Structures are given as structure tokens and as C-alpha cells.
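K.L.:
Here the protein sequences line up with chains A, B and C, keeping their order.
If you're matching positions, the first sequence starts at 1 in this note's numbering and goes up one per residue.
If you're matching positions, the second sequence starts at 290 in this note's numbering and goes up one per residue.
If you're matching positions, the third sequence starts at 582 in this note's numbering and goes up one per residue.
Calculated directly from the structure, the hints in this document are not laboratory data.
In this text, all values refer to a predicted model and were calculated from it rather than measured experimentally.
Backbone N, C-alpha and C define an ideal beta-carbon position, used for all residues, glycine too.
Some hints here could point you the wrong way.
[As the list claims (entries may be wrong)] Restricting the straight-line Cα-Cα distance to at most 27 Å, the calculated cross-link-like pairs of lysine-lysine (DSSO-like) are:
| no. | chain 1 | residue 1 | chain 2 | residue 2 |
| --- | --- | --- | --- | --- |
| 1 | C | Lys782 | A | Lys129 |
| 2 | A | Lys153 | A | Lys184 |
| 3 | A | Lys51 | A | Lys35 |
| 4 | C | Lys782 | A | Lys241 |
| 5 | A | Lys241 | A | Lys34 |
| 6 | C | Lys668 | A | Lys201 |
| 7 | B | Lys468 | B | Lys455 |
| 8 | B | Lys350 | A | Lys53 |
| 9 | B | Lys330 | A | Lys201 |
| 10 | B | Lys328 | A | Lys164 |
| 11 | B | Lys350 | B | Lys361 |
| 12 | A | Lys161 | C | Lys668 |
| 13 | A | Lys34 | A | Lys269 |
| 14 | C | Lys668 | A | Lys164 |
| 15 | C | Lys782 | A | Lys184 |
| 16 | C | Lys782 | A | Lys110 |
[To be verified] Derived, one-sided and incomplete: chain B residues facing chain A with beta-carbon distance under 8 Å:
| no. | residue |
| --- | --- |
| 17 | Ile348 |
| 18 | Ala351 |
| 19 | Glu421 |
| 20 | Thr422 |
| 21 | Phe503 |
| 22 | Glu513 |
| 23 | Arg515 |
| 24 | Val517 |
| 25 | Ala518 |
| 26 | Gln519 |
| 27 | Phe520 |
Listed below are the residues making up each chain.
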Amino acid sequence: MRIQRTATVLAALGLAVSLAACGSSSDETKVEVKKASGLTGVPQQIADKGKIKIGVKFDQPGISAKEPGSDAPVGFDDDMGKIIAGQLGIGESDIEWIETVSDNRESFLKDGTVDLVIASYSITDDRRKVVGQAGPYYVTGQQLLVRAADAEKIAGPDDLKNVKVCSVEGSTSLQRVEEEYGAKPVPFSTYSECVDQLENKTVDAVTTDGAILLGYAAKNPDELKVVGDAFSEERYGIGYKQGAAGMCDFLNKTLQASFDDGKWAEAFKNTLGKSGVDTPEAPTLDACP
Amino acid sequence: MAANVLFDAPGPNTRRRHLVYSVVFVVVILSALTWVGFKLKSAGQFEPRIFEDLFASNILKALFDGMLNTLKAAALAIVLSVVLGFLLAVGRLSDHRLVAVPCRWVIEFFRAVPLLLLIILIFGLLGGRGMETSTRGLISLVGGLMLYNGAVLAEVFRAGIGAVPKGQSEAAYAIGMRKTQVMNIVLVPQAVRIMLPTIISQCVVVLKDTSLGFIVAYGELLRETRLVAQFVNNNLWPYLLAALMYIVLNSIVSAVATYAQKRSAGRGSKSDTPAAVEGAGMETGRAGAAAV
Amino acid sequence: MNVFSDNWRAILTAFGITVEMTLIAGVIALVVGFLLAALRVSPIPLARGAAASYVRLIRNTPLLLIMLIFAFGLPELDFRPRFNLNKVFGVQDQSPLLNFDIFFLFATIALGMYTAAFVCEAVRSGVNSISIGQAEAARSIGMTFSQTVREVILPQAFRAVIPPLASIMIAMTKNSSLAAGVGVTEAAFLMRKLTNDNGDKVFLIFMGFAIGYIVLVAIISATASFLERKVGTA
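Just chain A, same shape as in the assembly (with noise of 0.2 Å):
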């Protein structure tokens, strides 16, 4: 806890050092706000109204958290909202954030309460049943983390027999360890309750996805590693009404501007990159149904 939050506090020094030094901010990603030619269907009724509803998480960090006292949530989920909204010509001050929590993104997509999901929305078959997915625009999966002097003893899901494992209540993350690979689980509320116990030894691993457990591990890396391969696929994807007309062809489309310009790289290092991991590489998008 001590040693993650000093560099917590390094970090932030170290980047305000790093803005006065440039002059020009680089924590935040630059979105240009141009309606992009050629709309059709739904992404031209909503570049008229010029406002948008995104649902979001608001904690989990790195990904989509609001810090206390805000009210906009700040992560790679949000950036990559913003960068859409840009494509439709609708500037930062016009997006609404909608707290989305697991069960309610599918409702809140088929009765209109937000015109798009971007909520570590993992596309599965199941869910294209009900509505649509475009994307993905990041693959992680699940993974562990452990203290550095267990990597040994605890190398990979197959170890985790009787260990105790620790993830947020309710979490498929912890379900999958219990089910498959005979953990002990451990319910807590947030990750960062996890990763304390798993730094006071009451836990012996904490799992979710790669993303958020390699930001815990670059905070503290004499202590915490990541290990193992990802034993899950989980691609994010954005979500949107069902047979919303043009909509899945604009979301492609804008992806893969973003990936090959840049701000899909920009966004994740301002964000998930910003503990230390490395940008992937920009994962293939799915056609169009």
C-alpha cells in the first residue's frame, strides 16, 4: 500500500513536471470534434441532436472510474467515447455519462436510455443476440496477480487449488476460479480492497482482467507480478441499439481511423498505459453483421 502510493504520487508529479517542461498537455487525449462525412441512419439523428448518451462504469479504474467530486468518470473507455463522439461532431461538454452497472447495459441500450455502451463490454454470441457489438477495440482476459516471491508457487490458474483468490462480489472473474480451477474465493467490493489484502498476505492472488491487474503491478513491481497467460478472452466492445441502421459501419469505421492514426494509442497510454504497460497492438475489428 505504501510503496503504490508513493508512486502514485510520483507519477503525478512526474507528470506535471512533464507539462511544464512541453508546455502542452500530454495526460489528456487530443479529440477532434469534426462531424466525419458520409453519415447515414442513427449516427446522422444523433450528429443532428448533437448530444450523446454513453453508459459507463464509474470504478474501474484506468478503464472508467470518476474520481470523488467529479462528475465526469476519466479512463480508456471514456476516451475512446470521446473520440466517437468527435466523429459525430459532438464536443466533450455535450457528452452524457450514464453509470451503467453488468446487468443493465442490454436494457439501457433497447429502451434508448443511452445511445452507446462502452462499459469493458466484453462481445459474446449471446449478447449480439440482443444487441449489437462493434469492435472490439481492446482484448484483455482474465489473469492473476500474486506477490513476487509466490510467482513460483502460483505460476498459473492450474495452481490456484485451495488458494484463496480474491475479486469483486459477484465478479464472473471469481465464479471462473471457483468453478473451473477450485479456488478459494474471497469476496470484496473493489479491486484495490483485494490488492491490499493480497500486499497484507490475508489473500494469496487477486484475478479480472489483464489490464487492470498489470496497472496494480507496475505501481508496486518489487512486490506484486502479474502471472500466467490470460486463461479468458474477453474483447471489448461498443455497444449499440439492435438494427440501429449505419450505426456498426460509423463505429468500424471510426475505429479503425483511431487505430491507424494514433489516438486508439494516445488514449491507452493516457489511461491503462499510464501505469507502465505497454500499448498493444490494435486488435482486428469484427465485420459488420
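Dock chains B and C against chain A, hints included.
P.N.:
For chains B and C alone, kept in the frame of chain A given last:
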């Protein structure tokens, strides 16, 4: 106070002995606290950076917003619980078995089921309707609190009505009042006065129980505190700070309860009123499983 | 596919953990609660004040917060209890019911210490309900404070205290459901897991778990009225 009759006024020797006990007690407590302090210090829990982070203006604003949300949910829940509790109590005291028996079952059921389960149930039932997350959280939390505390308060009301001296209703019937009139004009007004302190102290329970809102992502004080803890990377001080905030809030509510109790006791000029209050108090002790 | 028949083993284990937690926390709550009550009515003003402050602080703080403070504070004090009785009993497949791990113990201690404040208050008002003449008579034949309390007051207070204590124990059983938030896989944790998996059967699952808790509550109520009858006729 029974304490006064349990022992004699201490003489000089006893007083000296008590002084020794007290000194030993203080020494033990102080050394325990010092030990805790040293342990926390060596664990790095007293680094000034922690407090700089924690007392930043945006953090305090988040906690304050959380507190407002807590108060909002508590206020809604209390009003609704009182209404539901009153309806259930009236139903339970009805002469029609068809009304009284179901009311009794409803009361018993909701008193026996953990509040957490009720909240999870309502949250689950509201799923798939595209309801705004914060609204859904608020409804689940307030709904659960209402069902649980309504059932508890129903028993409190029933005990309160039962605590009104029998002569009151007998006199009312004797002058030809109907049951409804006896209830509305004679029993309920007196019962409410007797029960007011209990109802207000139930508010403390409701206020504390709003902390379950975290499980349905409602932004009350405890959920905000957990987000703050995640943000400032410390899982001890934010919770201690939140505990302090709850204690202050609840002490205010408790003070109001004490004041109400004094007033309602003070107003009872008849000789049987204090006994009635006492009796009702015992009876709520029975019904007041809730107060825990 | 039936949610209950597919998961009966997990459900029994989860309720087993709830029962264990209630039993252990109940013992802690009664012991600490009676001690606190003794301090609360004792002749030493400082002891009275200390017990009263404890009760006041605990009663005004949400249980979940107390559990969190225990779960994150105690490891910092190098307090890491755990008792794995599977080895003691030679059980091979590591039954969770015999493995009292750190989170279970933290949550149970927190639950017991929290409930103790309410036990203290119940006992105190039970003591207060004994008529003054009893204490006066005891003292007039020369009994000391501890004799008066032990021989005269407590036996009588016990009877008056059984109903409120039963209510407190019932509330404690239900409160054990909060431990799901601090690392304990008890009944409420399992219920959440099952409702996540079976979004269409939320109400059915709720009713199943509600009945489980109602059975536990009924057992406590029955025990209390049995005790009350027994003490009452003695």
C-alpha cells in the same frame, strides 16, 4: 437507576480502592492505544501524505455528497416505513381475521428476512427495464428499508396501542364510540406520544442501514467512502473518517430522541402515564429486534 | 434445471458458514455484552463511563463499516488468526466449514463485538427492571456489590432479559449476511451469485434463501421460549 441501589455510597477505603482500579484501567487503556499507535506508525499509516490526500477538497466534497444521499435515502425510508408500519399495525389489530392474519404473516416474514436479501431482491426485479442506475439503487435501498422497518414499526405501533391503559378504550366504548373512533380519537393519539422516542431511535437504525446501498451502487456515504479509499489508496483512514461522520449524524438523531422522550414524559400529568411508557418500552424491547 | 437441486451442496455449505458465524459471534456477544453490562452498573464511575462510550460508539456506526475497519485494521496490527481444523480432523477435501480463515474470523469478531453493545443495553435494562427492594434486601443482609449482582439481581434479570436477547440474536443472524462484503462466502454471497447466473429466477432464489433464514430465526425463537419457560418455572 438501579445502579444506585446495587451498592452503598462508597466509604473512604472503597473510594481509595476504586481510585486504584481506575488508575489501573486508564493505564491499561492508554498502553493499548499507544501500542496500536506504534503498530500503525510502523505500518506507515501515519504518513502525512495520506492525510493530505484524504483532506483534499474534492474528496471531502465526495464524502459530503455521499452524506446527503444517505440522508435522502434515510428520510424517504423513514417516512414510508412509518406509513407502512401504521397500515400494517391497523390491519393486524383488525377484528376481521381475513385482514389480521395476512397482516401478521407479512409482518413476521419481513422481520425475519435479512434486509440485504430484500435489497438484492428488489434490485434484481428492477433489472432489464433500463432504469437509471442511481434511481434503481435508490428504489431498491428505500424499498428494502421500507419493507423491513415498516414491519418492525408495525409491531412497535401495536405495542404502543396496547400500552394505552385499558380504561381509556373502555371509557370510549362506554360513551358509544365505534371501534374506528376509539382507535382514531382515543388510542392512536396517545400511542403515538408513547411511541415517539422509539420511532425516532428507529431512525438511527435506518440511517445506519442505508450503508447497504453500496451493494446496489447507490452513492451513499459508505459507497463514496469505498471509492475514496480506492482513489487515495488507503483502506483504513477513509473508513474511520466515515465512522466518525455516522457517529455524529446518529448522535444528533439520538439527541432528538432523548429530547422527545423527555418532553413526552414531562407532558404526562396523569399518574399512569409513566408506567405506560415504561411498559411500552419493555414491549418494544421485545419487538425491537430491529434496533440492532 | 433447478437452481436449488443443482446447488444443494453449495447452499448447505453457505448456510453452514452462516450458522457457524452466528454461533461464534453469539458467544462473543454474550460474554462481552455481560462484561460490559457489569461495568455499566458498577460502582466505579470510570468503568461506567467507558462501557457507556463503547456502547454509544458502536451503536451509532454501521456494522458493515465496523467489519471493514476490522478487516483492514487488524492485519496492520499483525493480528492474523486462522484455524484450519481440516488437518485436525483429518479431512482430505478441505471442507470450508472446518477452515476458519482470517476473513471469517474478522467478520465474526466484528459481528460479536457489535452485537455486544446491544446485549449490554438489554442486560442493563433487565437489571433496572428488578424491583429496588431486592437489591436493598440483599445489601441489608450484608452482601457486597458483586454478591448482590451475582446471587440476586442477575438470576432474576436473566428471565426478563431472555426475550430481548432472543431478538438481538435473531438480528445478529440476519446481520451475518453483511459478511459477504468482507470476504466471507456465506449464504447471502451465494444468493447474489445465483441471482447473477439466473436473472429470470430472482424471486424464486430469494424465497429459497429467505426460508433458510426464517428457519434459523425460528430455531432461535423456539430456544428462547424454551429457556423462558424453564427459567420461569424454576
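K.L.:
May I ask which of the numbered hints given earlier this structure violates, with the numbers listed in increasing order?
P.N.:
No numbers; nothing is violated.
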